[in-house]
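Hey, can you work out the whole structure from these sequences and the hints?
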Amino acid sequence: MDLQRRPVEESIGDRDLTQWRTPIGRALARVVTRTSTWTAATWLLVATVLVCFVGIVGLTAAATETYDAVVEGDGVAALDHPVLELAVQHRTPALAQALTTFTDIGGKVGMPILSVALVLLATWAWRSWSPAVLTTLAAAGSLAMTVVGKQLIGRVRPPLADAVPPFETSPSFPSGHTLNTTVIIGVLTYLLLTHLHRRRTRILAVVLASCWIVAMGLSRVVLGHHWLTDVVTGWLLGLAWVLALVVCHRMWLTVRKHRSPSPSPAAQGRSGATKAT
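With full-length UniProt numbering as the guide, the letters of the sequence shown map in order to residues 1 to 277.
FYI, nobody ran anything at the bench for these hints, they're computed from the structure. Since this is a predicted model, take the numbers as computed values, not measurements. Note that CB positions come from ideal geometry on N, CA and C, so glycine has one too. Watch out, some of these pointers could steer you wrong.
[Claimed, not checked] Per label pair, the in silico range of CB-to-CB distance:
| hint | residue 1 | residue 2 | range |
| --- | --- | --- | --- |
| 1 | Leu50 | Pro82 | 36 to 42 angstroms |
| 2 | Val116 | Arg21 | 31 to 37 angstroms |
| 3 | Phe167 | Thr201 | 39 to 45 angstroms |
| 4 | Trp124 | Pro93 | 38 to 44 angstroms |
| 5 | Thr100 | His258 | 46 to 52 angstroms |
As structure tokens, this is what we get:
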């Protein structure tokens, strides 16, 4: 099937998302496509649940290792205090006000409003439920990782003397703004790439999304609301969850393509005759 005839969402540029290049991907695709329709759907649901579980386990391990690094002062955690001091030195009232306004977009109120607006727009424009389903799964996993991480570590935020009001009271690790922004923007950007036909446009979309995600994380450090380690962990966990959701979506596309009825020889003959005329 050439690019022009592929169903929407099944490709990014000339890359067919239903074609798996790794042995593990091909093996999993064979498993789900050789079963009945109901069984294939069940496998996909089970796979999603397992991915969520693995994400939570990975969060526990990552949080523990990072927290140990913070306590011991080695690795990236050794940059926490110097980076915060540098941010405070170069922070101006105008910059603080601008970043506070920007960071509110990734907060408890701003991000849900933005997410719902973008999902409704994408669902209406693309006539697809993929944005709603993937974003719901993304938000659920991101929220779970944020809550578990904060409860597991309970890390104290930077001193209030170094922070810009309004002050945060929840535990610092990981950065919820960073994690949630990475996940939601990452998933929506992935879906957007399946609808963009020009390579330059896709590159621009990725660059803009990446700048937004990076800026959201760094703004939390500049405002003194998080340590650098909190933000870096939010980026890593968010990207891992986005990749997991992309795999699940691609697997669903593979099953849908496998289940789609092939045109009969008679229908193909009629189609060819029509084109000939």
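message = Is 38 to 44 angstroms respected by the C-beta to C-beta distance linking Trp124 and Pro93?
response = 41 angstroms, holds
task = For Val116 and Arg21, compare the CB-CB distance with the range 31 to 37 angstroms and indicate the outcome.
result = Because 35 angstroms falls inside the window, the suggested range holds.
query = Using the C-beta atoms of Thr100 and His258, is the stated range 46 to 52 angstroms upheld?
reply = For His258 against Thr100, whose Cβ atoms are near 50 angstroms apart, the range 46 to 52 angstroms holds.
query = Honestly, do Phe167 and Thr201 meet the 39 to 45 angstroms range at C-beta?
reply = At roughly 41 angstroms between Cβ atoms, Thr201 and Phe167 fall inside 39 to 45 angstroms, so the hint holds.
inquiry  = Quick check on a hinted range of 36 to 42 angstroms for Leu50 and Pro82, using CB atoms only.
reply    = 40 angstroms, holds
Violated hints are absent here; each numbered hint is respected by the structure.
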